[in-house]
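Trainee: Sequence:
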Amino acid sequence: MSDDAYKRAYTREKMARLAAEQLLEDKSRELYLSSQQLSEAHDELKKNHAELVTQQSALVKNEKLASIGLLSAGVAHEINNPLAFVNSNLEMLNDYWQAMFSLYSAVEQLLESTDLSNDKKSALKKLIDEEDLEYISSDFKNLFNDTQDGLIRVTNIVQNLQHFSRIHDEDWDNVDINASLESTLKIINHQIKNSLCEIKLNLTCKELVWCNLGELNQVFLNLLQNAIHAMEETETKILTISTEESADNILIRISDTGYGIKKDNYQKIFDPFFTTKTVGQGTGLGLYISYKIVKDHNGDIDIKSEEGKGSQFTITLPLKKADETL
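Mapped onto the numbering used here, the consecutive letters of the sequence shown carry residue numbers 1 to 326.
Just so you know, the hints here were simulated from the structure itself, not pulled from any lab data. It is possible that part of the hints are untrue.
[Stated by the list, open to error] As a list, the in silico BS3-like pairs of lysine-lysine whose alpha-carbon atoms are at most 25 Å apart:
(1) 14 / 27
(2) 262 / 206
(3) 263 / 309
(4) 295 / 263
(5) 200 / 237
(6) 237 / 262
(7) 14 / 46
(8) 27 / 7
(9) 206 / 46
(10) 141 / 193
(11) 141 / 120
(12) 186 / 237
(13) 268 / 47
(14) 237 / 263
(15) 304 / 263
(16) 309 / 262
(17) 200 / 309
[What the hints assert, rightly or not] The following label-pair restraints were derived from C-beta to C-beta distances:
(18) 202 / 101: 43 to 49 Å
(19) 139 / 80: 29 to 35 Å
(20) 309 / 82: 44 to 50 Å
(21) 172 / 105: 57 to 63 Å
(22) 44 / 308: 38 to 44 Å
(23) 267 / 308: 15 to 21 Å
(24) 267 / 15: 17 to 23 Å
(25) 87 / 50: 50 to 56 Å
(26) 309 / 87: 34 to 40 Å
Every residue, glycine too, gets a C-beta built ideally from N, C-alpha and C.
Using the sequences plus the hints, can you model the full thing?
Mentor: The following block contains the structure:
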């Protein structure tokens, strides 16, 4: 092959190789861009899926809360009717007993008089002793008072259920936050007793708050139960609840002397499904839902915590006086 022919062949081969390399580079670039776009689309899909799961879980939680509210309201209504009958009958029974007690007193006076023969006195005394009327007379009042106290407690429980069950109520109203906190405390009274924690109240706010009472009750319930749980392993168990006015807001503080929150968890504490509880003890949705409810009320919820010393949640809500809703 002549030098000219070799040069021409070499030039053609070089140009073909350069063209192939350029084509490979272009295709590689296209493949890289396509892969990057696919990765971004995948990440976006994962993000959307996670948000969908979160929203679905929150909806399920809210539906459960609404169902609990409806159930509580239904139970309270069903208990109220027989409770009214029992209270009414107990009052009537007390009236009957007063009449019987008056008769018994008259018989005792008659026994002390000289109007009866000794045989009749002996017969009456024997009957009184056999029926143990003296003991019945003294014990009845105690039994009646205990029963009445029990009914009052049941009535209070029913009223608290009715108050708390407004979780499904979509209506907003001017609400006494102090009363709401006290009502929620009564709902978890058995947990408080079992936990042996001391309750300190400093409810000084006198203004009303424009809110959805049922939703705020759920926030208070979540925070109070979390506080009780946080003090399970601590020697000092003090749950402090306070309200105060600050400018145009109300500040609600719930503090505990529990084990506190690690600084690494501060940014995750309100994330859905985040929990420090053992498996089966928590869903990780309580604080997330509480945060969302407070935000829906144009409020804020903040936390201060020191590991080993306890935590304090502060809820800030805008005040709304009764005449401002007209």
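Trainee: Enumerate the violated hints, using their earlier numbering and listing them in ascending order.
Mentor: Hints 2, 7, 8, 9, 10, 11, 24 and 26 not satisfied by this model.
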